[in-house]
Structure formats: C-alpha cells, structure tokens
Amino acid sequence: MSKPVILVVDDEPQILRVMRASLPIRGYEVITASSGEDALDELSKHVPDLVILDLVMPDTSGLEVCRRVREFSSVPIIVLSAKGSESDKVTALDLGADDYVTKPFGMDELLARVRAVLRRLSTAESNDRVLTVGDVSIDMDERRVVVGGNEIRLTPKEFDVLKYLVSNAGKVVTHRALLQAVWGWQSADQTEYLRVFINQLRRKIEPDSSQPRYILTEPWVGYRFTPSE
Amino acid sequence: MKRLGRQRWFGYLGPLTGVATVTACYKLLIIEVNATTVALSFFLVVLLTAASQGIGPAILASIAGMLCLNFFFLPPVGTFTIYDPQNWVALCAFLVTAIIASQLSSAARRRAREAEKSREEVWKLYQLSRAIIITPDPETAVSTISRQVREVFEITNCEVFTPDESGRLEELPATSASPPPVSEKLLREVFERGELRIDTAHNSTYAPLKVGVRVTGVLFLTSGLMEAGTIEAISGLVALALERARFLKQLSRTEALRQSDQLKSALLASVSHDLRTPLTSIRAAVDNLLEKNLNWDREALHEFHLIIREEVNRLTRLVQNLLEMARIESGELHPIKEWGSLSEIFGNVLDRCTAELSNHRVRVECEENLPMVKVDSRLLASVIANLLENAAKYSPGQSEIILRGAIDSHRLKVTVQDQGPGIPTNELTRVFDKFYRGAIRSVKRRYGTGMGLAIARGIIEAHGGRIWVESTPANGATFSFTVPVETRMVSKPLTPVGDEA
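Respectively, the protein sequence lines represent chains A and B. Here the first sequence stands for residues 1 to 229, numbered as in the working numbering. Here the second sequence stands for residues 1 to 501, numbered as in the working numbering.
Excised from the complex, chain A in its bound form:
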C-alpha cells in the first residue's frame, strides 16, 4: 500500500517546514501550498488523501478554499483554527470540513485526527446493514441498538440521532448539521433543544451520563461520537 498523501496549506513558511520535515517519517507523503490559490491549483491537478488547511490566510481564506474544494471533491479536510474563533470553525465544518485542530497544536493531536479521519474513510466504504463501531452496533433494517452487549430501546428520533453520530464516528458533527439531518432545515437553530435531547440519549446509552464515553461534547461546536476501543 502506498503512503497516504497529505496536502498542507498554510501561509506560514515555518509551519510548512515543520510539516515537511516531520510527516514523511510518520508514514505520510507531504505536499505543501502557501496560499489558498496555490492549494486549489494543486487540488485541480491531483487529489491527495487528506488536506490540512489553515483558516486564517490572506487573499483566499481557508473557508473559501473549503467551499470551493467541496464543489468538486470530497477529500477529507482538517482545518487549523485559532482559539477564540469558534464561529469560523463551525462554518468550516458546516462547509464540509471533517475536523479541526486549534493552534498551537501538538503533533500527536494532529496525527490522531489524521488517523481518525483516514480510518473513517476506509470503514465508511463498507456497505453493511449493521453498523458496528467499537462496542456499539446499529442494525439499520431492524432499528436495533446494542451497546456493550446490552440491547437499548430508543425512540425513533433518538435512533436517528445516534445513527447519524455513529455513521460519522470520530468526526465532529456541528449542532446545525445534526439538527438538519434529523429534524430538517427549519430546526437548524434550536441548539438548546438538541442539548436536552442528547442528555436524554446519553442517559440511555452511556454507563455514566455525567461523564460521557461515547457522545462527547465539542464546546460551542457540536458533538463527536467516539467508540470505546
């Protein structure tokens, strides 16, 4: 199997230098672009396995790149954002980014996200009727949910929410995306309702709902389903 190719897009030459020096030995091939336009240019020629994209760039911003990439490609995107710009993060995720890392980030954190996104990509391609992630399995046809060997009874809406989260396991799902997927467009702003609903769902599937293990909260952004390994 050939090495996965990662395109790193950042206007900071030093960050590109670190990536160029450190990713190859960890098993990835690196190409770099120092502006949004360069990145789009690169992507139009050959699509990599993953894109790491800085949101704050002059001229063409990361958000703009994200939007334009999604017009022709579903390549996984991890955005680099600054702390305190939650709205940009959410916008990027809504535009189709798969995950985000906040600057300054550690190498391990970034690589963990990269692995998670790439793994999800390989499992998503299987077309089973039973979705199994870790010790959680969901039977699509019979609408049955088994967590840690115990069957759980869920309402139809709860089932839909869990199904959406599990099928995006490892990925951050924004409030808006979840609300739209389960309740439809008009509900996209009712995050408060969603919070109550998720608590309900946690009480049913989590061993300890005050310290969730499966459905994690991403503050200000949304939720992430992590199967216990």
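Hints were generated in silico from the structure; no laboratory data involved. The structure displayed is predicted, hence computed values, not measured ones. One should not assume that every hint holds.
Label-pair restraints from in silico Cβ distances [what the hints assert, rightly or not]: (1) B:Leu-306 to A:Thr-60: 21 to 31 Å; (2) B:Val-286 to A:Ser-44: 53 to 63 Å; (3) B:Ser-480 to A:Ser-87: 17 to 27 Å; (4) B:Glu-368 to A:Pro-58: 38 to 48 Å; (5) B:Glu-299 to A:Gly-149: 44 to 54 Å; (6) A:Leu-121 to B:Trp-468: 54 to 64 Å; (7) A:Thr-60 to B:Ala-326: 34 to 44 Å; (8) A:Pro-58 to B:Lys-210: 54 to 64 Å; (9) A:Ser-74 to B:Val-286: 28 to 38 Å.
Here chain B is said to cover these stretches of chain A; the calculated rule only asks that three of the stretch's residues, wherever they fall, bring their Cβ under 8 Å from a Cβ of chain B [as the list claims (entries may be wrong)]: (10) 19 to 32; (11) 36 to 44; (12) 104 to 111.
Just so you know, even glycine gets a beta-carbon here, dropped at the ideal spot from N, CA and C.
Starting from the known structure of chain A, fit chain B onto it as the hints suggest.
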C-alpha cells in the same frame, strides 16, 4: 461728555436761529405780510426742531416764535401788548398747537430711535449666536464667546462662572482686560436661585445660565446700559454655547475611547496571531524531537533545531517590540550612547533577521572607512531590523532590498529600499502610526502587529532624529532616517561590509 454738551447747546441754539431767520426774512424782505403766514412759518420751525432735537428745544422754539410773532408782527408792532382779543386767541392757539405738535413729533422720533436700537441689539445677538455656532473648538469656546459678547455689546467685562467638582463657582478662562469686581455672595445667590441680579453700585449684572430649568453657571457683565431682555438673550446663548462645548467634549472623548478600543482589539488579534504561529512551529518541532520511537535522520533533527531557534528569536523580537512600545508610550525610552560602528550594527541586524529575510536578497551599500559614531547601537539596530522586516513583509519574494548607510557632517543616515508595491501618497505619514497596517490587498502577508514602524519612529525621535518614507506607486518604498551623531575617525580601516545574501 464734551461732545454731548455741545450737541445740547446746539439743540437750543438751532431753533432760536431758525425763529430769528424767519423773523428777519419777513421783516426785511417782505413789507406787507400776513401774520398767519408768519405763524405757519414759525410752526414749521417748531416741527423741524421737534423732529430733529426733541421736545425741549421744540418748546423753546414755540415760545420764541410766539414772542417774535407778538413783538414783530401783531399790532401794535414793536411792543408785547396786544389790542385785538382775536390775536390773543391766535397767539395762545399757536403756542398750544406748537407744544402738542412738538410732543407728538418727538415721541415719534423716540420710538424710531428705540426701534433702531432694538434692531441693532437683535443684530448683535444674531452675530453672537452665529459666532457661537461656528466656534469649532470646545476648549476655547467660552473665551471666544466672552470676547464676542464684549466686542459686540461694547462692555468691559463678561465672565462665565461654572461650578467645579466640589461645587465651588470657578471663573472659566475668559481673560477680560481687567479683573472684574465680582461679589462671591451675589454669584452664589444667582446660581442657587436662578434669578437675574443687578448690582447698581458696581454697575454690574449677574445672570443665571440656564438649560431648561437647570442652572449650569452664572454670567457676569459690567454694563448698566443693557435691557433685561437683552441680558436674558445673551445668557441664554452663552448657556447654549457652554452646553454645546460640553457635548462636543464628551463626543470627542467617546470617539477617542472607541478608537482606542478598536486599536486594542486590532492589537490583540495580531499579537495573538503572531504569538500563536511561532508557538505552533515550536510545539510541533519539540513533539517530534521527543518522539523516541522514530528514527529521525540528522537532516531532519537539524531542521527541527533550526526551526525552534528561529521561532524563539521571532517570539523574542515580538516580546521586545511590545516592551519597547510600552517604554516609548510611557516616555521611558532613554538612549544610552556609546561608540560603535555602522557596519557592526548592520552585521548584527542581518544576523538577527535571517529567517525574515530568507526569501529576499539583501544588498548592503556602505562606504568603507566610516568614522565611529556615538549612538545607542541596540536601539538603532532595532529600528533597522524593523525597517528590513517591513520591507520583506511588503515586497515580493526573491526581490532585492537595499540597505544603505552614510555618515556626513555629524549626521548618520540609513535608508532601506524595497521593490514592493509602494505606498499610496495618503498613507505616507500614517504608516508610522501605531497599529497602522497598509491597506494594499495584493501583498501576500498582511499580518504583523503594526508596531514596527511606530517603534522605529519612537526610537528615532528619542535620538532627536527624523524618519520618513518616500514612494512612487508600484515602484517600491524607501524608508530613511537621520540622527545627529558625534563622530570619531579610527586609525585602522574597518572591515568592509560585503554583499550579504
């Protein structure tokens, strides 16, 4: 007083002359004359006198006319006796009619004069209100208004008193020619009661300055000639002007606060970006170095170490900039001058800025055998570093940056020339403002704290020098500074500074 006396004297002489002239005309030129014609002529003199000189001279003219009519024209001529009772009646009728007519005529004249006076006052008030409206500066508004009141209404004193923080009535800087004889007691009284008071002994007026029902101060005037209505109008205008000045001041303070808020958030945004980026590179490099399970080759290890060093330098400079800015802001920047050489300063700067200048070609043009100069080398190096970084930031990669140094007649001059897009004329002076960043969109890298050039200016000004920028659009910018220096020739020639990459 003298002029007034002469006028009054003339006022009484005039009608007598008029009566005498009429008498002489009829007596000498016309032999047979009707007494009625003469009486009517005298009557005319009386009316003219009343209209021009007022009631006193007119009554004098009436009596003189009556006497002359009696003496010269009514039989028996040449005596004050009258035979015909009809002539008594005529004489009395003449006198009474003349007096009534003069009264009416002088009343009309007085009214006309009053109308003229109030018209003048309205005009003056209009002028005053106009002056108040166009006074642009709230700081000087009060003194301007006070001067206007004194000039327009021709009075000696016009002072404005407003309460200070402790409630004491303080005179605002109005600067009358002479210090006014102000009574504290009356001031306080007028301020508390909000009523007009006139101090007749000192010929002065204390008027409350009211906005609505609130008394904001007291207006002090020395003039006995003004009417209450006029004073009220003046104090109304002054109160308005004070209020306007107060609002303008508040407005400018709010505006200043808003601007400094904007500056602060701009600073915060750029500082946080400038802090975060090197921290990210350092963290990633350190994480890699700490990863024991991986076999890094020598080249990669060296690269990580290099990155860490460069980014630490960058952070150090950012922190230095912040500290330097704070020192300039608080006026704590004092150059410590020592003997040094320009080439040494240049070398130091180029060493420090390797990472920032890695994408550009730097050419150093510096004469050999330059004298030693007494400067604060550390601070000047910081200025040059900021100028070079700025040039690199705003000019395309691989373009040339020229650093020139020269010393002539006790002046050190350094210029940094780039091949960037240049600076629009309207931004040439603003680039040295704190937190100002060029608006040009085409440049790739627009970040930065906007502190570099402001620091450069602060340092150069602390040296008593001058910093400026020249630019022709699309043809690069040239930043230059000069500082006055002491120089000393060295016996041994310095190592020439060659081209540096």
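How the hints compare with the structure:
In this structure, Leu-306 of chain B and Thr-60 of chain A meet the distance hint of 21 to 31 Å, their C-beta atoms being roughly 29 Å apart. Distance hint for Val-286 of chain B and Ser-44 of chain A: a CB-CB separation of about 36 Å, inconsistent with the stated range 53 to 63 Å. For the pair Ser-480 of chain B and Ser-87 of chain A, the beta carbons lie near 43 Å from each other, so the given range of 17 to 27 Å is not met. Evaluation of the 38 to 48 Å hint for Glu-368 of chain B and Pro-58 of chain A yields a pass: the beta carbon distance comes to about 41 Å.
Checking the proposed 44 to 54 Å range against Glu-299 of chain B and Gly-149 of chain A shows it holds: the Cβ atoms sit about 51 Å from each other. As the Cβ distance of Leu-121 of chain A to Trp-468 of chain B is approximately 58 Å, the hint placing it in 54 to 64 Å holds. Taken as a hint, the range 34 to 44 Å holds for the pair Thr-60 of chain A and Ala-326 of chain B, whose Cβ atoms sit roughly 36 Å apart. Checking the proposed 54 to 64 Å range against Pro-58 of chain A and Lys-210 of chain B shows it holds: the Cβ atoms sit about 58 Å from each other.
In this structure, Ser-74 of chain A and Val-286 of chain B meet the distance hint of 28 to 38 Å, their C-beta atoms being roughly 34 Å apart. By the rule of at least three residues with a Cβ nearer than 8 Å to a Cβ of chain B, the coverage given for the stretch 19 to 32 of chain A holds, with 5 such residues. Check result for the stretch 36 to 44 of chain A against chain B: violated, 0 residues qualifying (beta carbon to beta carbon below 8 Å, three or more required). Remark: the stretch 104 to 111 of chain A is confirmed as covered by chain B, as 6 of its residues place a Cβ nearer than 8 Å to a Cβ of that chain, reaching the required three.
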